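Trainee: Chain by chain, the residues run as shown.
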Amino acid sequence: MEQFVQQLINGLSLGTIYALIALGYTMVYGILRLINFAHGDVYMVGAFFGYYVARFISTQLGYVPSMLNFFLVLAASMAGCAILGFVIERGAYRPLRRAPRLNALITAIGISLLLENLGQLVFGADPKDFPNLIPRTTLSIGVLTVSNIQLIVVATAIVLTLGLEFIVHRTKMGTAMRAVSFSGDAAGLMGININRVISFTFVLGSALAAAAGILVGLYNPKIDPLMGIMPGLKAFVAAVLGGIGNIPGAILGGLIMGTAETFTVGYLSSTYRDAITFVILVAVLLFRPTGLLGTPARSKF
Amino acid sequence: MIETGKKLRRLSACVGLLSLVVLAATCAPQDKTIRIGVFSSLTGNTATFGISSKYGIQMAADEWNSRGGLLGKPIELIIEDDQSKPEEAALAITKLINQNKVSAILGEIASSRTLAGAPIAQRAGIPLITPASTNPKVTKVGDFIFRVCYTDSFQGVVCARFAVQKLGLKRLAILKDIKNDYSIGLADYFRQNVQALGAQIVTEESYSEGDTDFRAQITSMKAANPEGIFIPGYYTEAGLIAKQVAEQNLNVRLIGGDGWDSPRTVEIGGAAVEGAFFCNHYSAEDTARLVQDFVAMFKKKHNEVPDAMAPLSYDAANLLFAAIQSAGSAEGHAIRDAIASTKDFPGVCGSITIDAERNARKSAIMLQISGGKLKKYDVIYP
Amino acid sequence: MPNRLTVSASSTQRTFTWYALYALVIMLLSRTVVGWVGAYYEQILIFIGINITLAVSLNLVLGFAGQFSIGHAGFMALGGYSSAALSYFVLNPALMSLPLDGMLHAVLENVALAIVLFAGGIAAAIAGLLVGIPTLRLRGDYLAIATLGMGEIIRVVILNTNFVGGARGFTDIPRWTGFTWVYLIAGACVLVVRNLIASTSGRALTALREDEDAAAAMGINTTRHKVMAFVLGAFFAGMAGGLLAHYMQYLHTNSFTFLRSIEIVVFVVLGGGGSITGSIIAAAVLTVLPEALRVAQSWRMVSYSLLLVIMMLTRPQGLMGGREFHWSWILPRRKQA
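Residue numbers (the working numbering), protein chains in the order written: chain S, 1 to 301; chain V, 1001 to 1382; chain Z, 2001 to 2337.
Chain S with its partners taken away, still in its complex shape:
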């Protein structure tokens, strides 16, 4: 029983990370119908931004209280990735908006490879130790253990998701985003500046990816230029699982993926950890192709 609860805690915290990355995928897909393969690499860049900002703070500014330090790093990295997301969309995706969707996909893959290879060159291929922004303490409840970092990860994720929900449902820009997602052309006819909405979506998604990068850095303090590939892929699967284009769905999908993985390790076999992800995915797609919370597809390929 303790093992079960401990695995549940492990799974949910892993799932939170997937969920944060999945949010970016799902928003971009909802609006552009584009699988932004470079998203996982933006997450990697976010972690590295954080790494350098934290080093800058510790060497140039001296002592900064840990919570303030964390927020500074988080904000700087989110801002940096927001710019990166903006540039990627402007430079690589916008020229292809009217081209077949496969082309945009290949471009996304190209950008992803570019970021990975550039990352290996600029940051170095060896893994880096992400600075310990917040001293780690472990809370033990009986035999169960939860670290303060786990709590911070979950809390930050909740705050960010609520913020996102607010933007999407309570602001003018959010309304415009939903309109574009429903039908880009119709939204354009209604006077919505589609380019701005799409840019904004990328900015938002990339900032969330950066946040995920920082949180992972705190949680599992090892970052390297290829760290985005597998989590990126799994987060995408999570987004599909929850119903792509659907924000609560991405969260749900991420949490399910995280727990499914840890329970596979705990009760079946750790060798099939990665395979189980895809088994679930294929099963869900076959029996509920639009994902758990998705609405039936309106458009064809």
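If you are wondering where the hints come from, they were derived from the structure by calculation, not from laboratory data.
Bear in mind that the values here come from a model prediction, so they are computed numbers and not experimental data.
Be aware that a few hints might be false.
Simulated restraints, written as ranges between beta carbons of each label pair [said to hold, decoys possible]: (1) Z:Pro2134 to S:Phe71: 46 to 52 Å; (2) S:Gly124 to V:Ala1356: 36 to 42 Å; (3) V:Pro1074 to Z:Met2096: 45 to 51 Å; (4) Z:Arg2203 to S:Leu189: 32 to 38 Å; (5) Z:Leu2129 to S:Leu189: 44 to 50 Å.
For glycine and all other residues, C-beta sits at the position ideal for the given N, C-alpha and C.
Using the hints provided, position chains V and Z relative to the given structure of chain S.
Mentor: Structure of chains V and Z alone, referenced to chain S:
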């Protein structure tokens, strides 16, 4: 139609240009140097090992060149990247042999890529020394293929004996990297030897290279109540695993293989790796001059303590150069015979004797991490 | 059902004549040109040939039938491993045990290779059928992600199958292939796909690419056609895997990650979906490109990915944009409309 014709012409111009570039890149080599080919994973998922291997080889070549080179000629290293992919390794090795006409080849860390390239070197009669491919099959490819590291079997025996006999552990767990042949091989031999020594493997879990979350595996292992965990992985994961083991209040002995050797293990693992043991080729704090000179030089050049790949590659290169020197020729068969007769070659990673199976016989050192430093704990001879 | 091949007897005959001619040329080339260009370029040519087979077979699924599959590497792996297992455990020991002289041995070796390649193709085709029937009900990106998942599952299963080497890789596969076989298979693949496209079934495929609902309304059995294209694509991917295995003498699951599948998708899209010529050119160019970029040293893969993006931005319709090579491009034009 006319338009397509124009496009076709433009296209063929492009293709032509590309082939020119290829030709230019591989222009006919001159015989004023001793050419040594190096294939290594400079990009891709094991780039960190490949780059550090390249550094080790370059250092050895620089030292020989500053002493006047080989057979009166300077050594020219031709270094090719294989993107951490087996087919690319095969292409790189073919290019080195056929385009650059190298005399010998140094390379690959990963057994999977050495195995993809070794048959080509063997067919061409070009000696190949791998610095760190531990799969026993590698040197079985043929009589031109050598290695300067331990095989999985030797290290497995060393770690098992150490855990069971020295530390007196009776219940052991294994956490291995399922995608890494080094890790799987080491885990297999460790398991066999632990069981032969009368101790028990209570659970065996696995992860995949690049993973960062091992909590689920650790929680499962905790339920099996082991006294020690053997982690036959690389430093890219070892520190993080140790950290997560500590996080779950699992107080056990951690034991690792030579893949742990890097400043990153301590950097990432921090307090969690304190007291852990791992098997290694050398100790960076060894007072022997060879070791101290190497570590000092590496620090000077790359501003960091080397990981295990650098000294192994340094040794492989030095052994090769010494063999060419003693053979007095840069011809394949002569070099091969000289390498095969290597005895007690003084390397940074201990003295190397090449046995009849073309493997290196050398001693292993057990290091303990204490106070953030690596302390020599025990030396084990084959 | 109106989907029998409408290729007439004489055109079938012509096809065979063309292929026989092509085979002859390839065999002659393998003796002369290969010896002349040297082993390095030969190896590049062989990888180009294997990539052409992969690209053209995926083009059938992706470019002509419009089914977005990114699991091609999985079928390739399955074909490679099963053909290698057959030759390593059964045919090669059998061949070695026969007391044969050089000539007969060489002939039997080629027969054995044909058998194992075909077996590898069939194994991949069966997997394609098993994967295709359920997943091809999905459309677009959902199909893409499902096939990607299937490809990864195949890889993880192989990784954990010990008798084919698991994570250590499959070693000591006999070296039975070379330039000739690779290009014979590539040519066969091109020919089969080309003839299929020209047939009624091919027309049905392009129809369902353009609009699946409309195609169904016209009485086309869409599922059946999609599955057929998928199975055929998987078959040739499996053959390509077998070729790779018997050329490299070594297989490792790292060769078949989803990045490999994506690489094949890139061949098709960059060449222009629905153009066989385009797939061939793109496969050749993108195989040569990383080699040509070796001069760039550590910037090599950065420039490769940058070039990929630039090519996509400047020529979004692909190199050939759906058109095919025709003799009239280079030969003096005869009088025709």
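Trainee: Of the hints stated earlier, which fail here?
Mentor: The structure breaks none of the hints.
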